[in-house]
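**Q** The residues making up each chain are set out below.
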Amino acid sequence: MRNKPFEVLIIILISELLLVGYSFYYKSTGTAFIKENVRFLSPDKLADFSLKDANKNADSLLKNYLSNTLSDDKIIKRTNLSKIGPKKQNAFLVNPVTENGSALDNFFKSLLHQKDSTTVRIAHYGDSQLEGDRMSYIVREKFHEKFGGSGIGYVPLKDLSPVSYVRKSSGNWAKYTVFHDRSSKNDYGISGAVFRFSKFSVHQSDDADNDTSSSKKDTHQITGGKPFYNASVSMKMGSQYAYNSVSILYGHATDKCIVNYYDNASGERVKTDTLAACTKVCMHKTQLGGYLNVKVEFAADNSPDFYGMYFDSGKGVQVDNYAIRGHSGDGLMMINDDELTQMLDLSNTKLVIFQYGANVVPYIHSDEACEWISGIYYKLFMKFKKAKPDISILVIGAGDMAKGGEGSYSSYPWLPKITEAQKRAALKAGCAYWDLFNMMGGLNSIITWTDKKLAVTNGHFSEKGQKIIANELVEALMVEYNIYVHKQRMKK
Amino acid sequence: MQYDEIKSRLNKVFCTVFKDNSIVITEETTANDIEKWDSLTHLILISATETEFGIKFKLKELIAMKNVGDFMKSIETKLAV
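Sequences listed follow chains A and B, in order.
Residues in the first sequence are numbered consecutively from 1, following my numbering.
Residues in the second sequence are numbered consecutively from 1, following my numbering.
Just so you know, the hints here were simulated from the structure itself, not pulled from any lab data.
Check the hints yourself; a few may be wrong.
To be verified - Straight-line distance between alpha carbons at most 30 Å, and here's what the computed DSS-like set of lysine-lysine pairs gives:
hint, chain 1, residue 1, chain 2, residue 2
1, A, K423, B, K60
2, A, K63, A, K388
3, A, K385, B, K56
4, B, K66, A, K185
5, A, K379, B, K56
6, B, K66, A, K385
7, B, K56, A, K417
8, A, K428, B, K12
9, B, K66, A, K492
10, A, K386, B, K66
11, B, K12, A, K4
12, A, K88, A, K115
13, A, K185, B, K58
14, A, K491, A, K403
15, A, K63, A, K315
16, A, K453, A, K388
17, A, K452, A, K388
18, A, K295, A, K315
19, A, K315, B, K12
20, B, K12, A, K168
21, A, K88, A, K492
22, A, K423, B, K56
23, A, K168, A, K88
24, B, K19, A, K428
25, B, K19, A, K403
26, A, K417, B, K66
27, A, K423, A, K280
28, A, K168, A, K185
29, B, K7, A, K417
30, B, K58, B, K12
31, B, K60, A, K379
32, A, K385, A, K428
33, B, K78, A, K383
Claimed, not checked - Residues from chain B that face chain A, not an exhaustive set, calculated with beta carbons under 7 Å:
hint, residue
34, I6
35, L10
36, E35
37, L59
C-beta: ideal position from N, C-alpha, C; glycine also.
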């Protein structure tokens, strides 16, 4: 067969011209004579190169974030954390001046004065981005590295498997949250969840990791069979999570509850303890050698309300992961005000991080809706401020997210205004704000993050992406901490 | 559009948004009766309702709604215009 390159070129050029011509024709007339499922970019889109420009910004930022790492494998071992000087300024974290110094000062004050004698806690609230200890575990490791502390922090009595350790709960636990499987008594714990055990197996909608639920409260199916006389939670963790104290946060206990601790490696019971009756909220702390494969067993005639267990070293800093999939934060308003105060006090929580927004981004298309969410978030931040005026709050705005359309992906157009609304609410409430959206590179940066396998277009981060975000977050906090320490030294 | 048809289509929106086919709305249904319905998921519900009926709500209308009955009356009024 004879080659005819010139003819082939002419055919290609004519085809291209016809297709481009169709784009103009379709735009002006709206008539689609080519099949509807064959999509064409409009001429405006064809000539729009803004995506490439935005990606260049994200590219440049990512190079910076990655260049500070020793290697991909040791990304969390970034060494320059301790070298941050007081003159370094934050590009994406706003730490506003409030009545008594800056928004984060109370947390930094606790770091300076309490970390050697007790555990200073950080509550990390969020949605599926954080579910199963994601991202929080890296923040935790960084804080342990710099300020001391150990253990895995908050342990729910029943939840999805975490990424940082192995946990298995007996089948008779029920979990109620401010969002899924609500409790009729609205008696939620600090995490937004409450757990109770039953004498029989409990099946709940999220047991099979699906996202269905019933419209009625306290919906769990109790099935028959051999009754349980106790309920347990087993954990297996790495040596980096060695601990020496276990605290149990619980309440509304009409009678005592026996707690047995087992070393799963040998099967031996290593300690027995008793939770006293408690009308409101109590925290029971026990010293326990660091068994890395441990089972905690509870036995009582009537289950108390359990809000969680905490595995700590008794000093340093701890990061607790309080995540609920699909949640946007508003449900935390259901936590009883007085009990929230008690729980923040008992746990010695000094910094609250709210990382929400991704679940509402696709549904906001107006300035009015932005105002609506700003108002809701302001109320939430003020609830925590009112519950404990001396805590610091850091709000992390929604990150970049994309939707598909016109044959490609692009950011949700209202994202800049949504994050501005979150920022307005945070600053109005005297909270610090970390601008995740611009830290990523702004509009369409998610495309670059996705190309580099650091995220997916819906805004969820890969493990490596989580490490970058967590590193940058901790570094931003450390910049502010160093400024605070420098100011304290100058006062002397 | 008839009130019953509005109710039926709105019920489907509820089932889709809250991922629960067992939801049966009544005029008295409120956020307390439905799992996952809070102020922020309310926005998702509104967005889906706007798409379903081809209407738009204003912020003050959203704030004024106390139950599904108010919601349906608002939809009926908008569709009648």
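**Q** Are the hints correct? Go through all of them and say.
**A** Status of the hints after comparison with the structure:
1. K423/A to K60/B: At roughly 23 Å apart (the allowed maximum being 30 Å), K60/B and K423/A satisfy the hint.
2. K63/A to K388/A: violated (40 Å)
3. K385/A to K56/B: violated (35 Å)
4. K66/B to K185/A: Holds, at about 22 Å.
5. K379/A to K56/B: Since the Cα atoms of K379/A and K56/B sit roughly 26 Å apart, the hinted pair holds (cutoff 30 Å).
6. K66/B to K385/A: holds (28 Å)
7. K56/B to K417/A: Roughly 20 Å separates the two Cα atoms, so the pair holds.
8. K428/A to K12/B: It is violated: about 39 Å lies between the C-alpha atoms, which goes past 30 Å.
9. K66/B to K492/A: violated (57 Å)
10. K386/A to K66/B: holds (27 Å)
11. K12/B to K4/A: Since the Cα atoms of K12/B and K4/A sit roughly 60 Å apart, the hinted pair is violated (cutoff 30 Å).
12. K88/A to K115/A: holds (24 Å)
13. K185/A to K58/B: violated (33 Å)
14. K491/A to K403/A: This hinted pair is violated, its Cα atoms lying about 51 Å apart.
15. K63/A to K315/A: Roughly 36 Å separates the two Cα atoms, so the pair is violated.
16. K453/A to K388/A: Answer violated: K453/A to K388/A is near 40 Å, above 30 Å.
17. K452/A to K388/A: Roughly 42 Å between the alpha carbons, so the hint for K452/A and K388/A is violated.
18. K295/A to K315/A: holds (23 Å)
19. K315/A to K12/B: violated (52 Å)
20. K12/B to K168/A: violated (37 Å)
21. K88/A to K492/A: holds (22 Å)
22. K423/A to K56/B: Distance ~26 Å between K423/A and K56/B Cα, so the pair holds.
23. K168/A to K88/A: Given pair K168/A, K88/A is violated - Cα atoms ~44 Å apart, limit 30 Å.
24. K19/B to K428/A: This hinted pair is violated, its Cα atoms lying about 35 Å apart.
25. K19/B to K403/A: holds (21 Å)
26. K417/A to K66/B: holds (28 Å)
27. K423/A to K280/A: Between K423/A and K280/A the Cα gap is close to 35 Å, so the pair fails against 30 Å, i.e. violated.
28. K168/A to K185/A: Roughly 27 Å between the alpha carbons, so the hint for K168/A and K185/A holds.
29. K7/B to K417/A: Violated, because 33 Å separates the two Cα atoms, which is more than 30 Å.
30. K58/B to K12/B: Distance of about 22 Å is within 30 Å: holds.
31. K60/B to K379/A: Cα-Cα ~18 Å, so holds.
32. K385/A to K428/A: Holds, at roughly 12 Å.
33. K78/B to K383/A: violated (36 Å)
34. I6: At about 20 Å, which exceeds the 7 Å cut-off, the nearest Cβ of chain A leaves the hint on I6/B violated.
35. L10: violated (14 Å)
36. E35: holds (5 Å)
37. L59: holds (4 Å)
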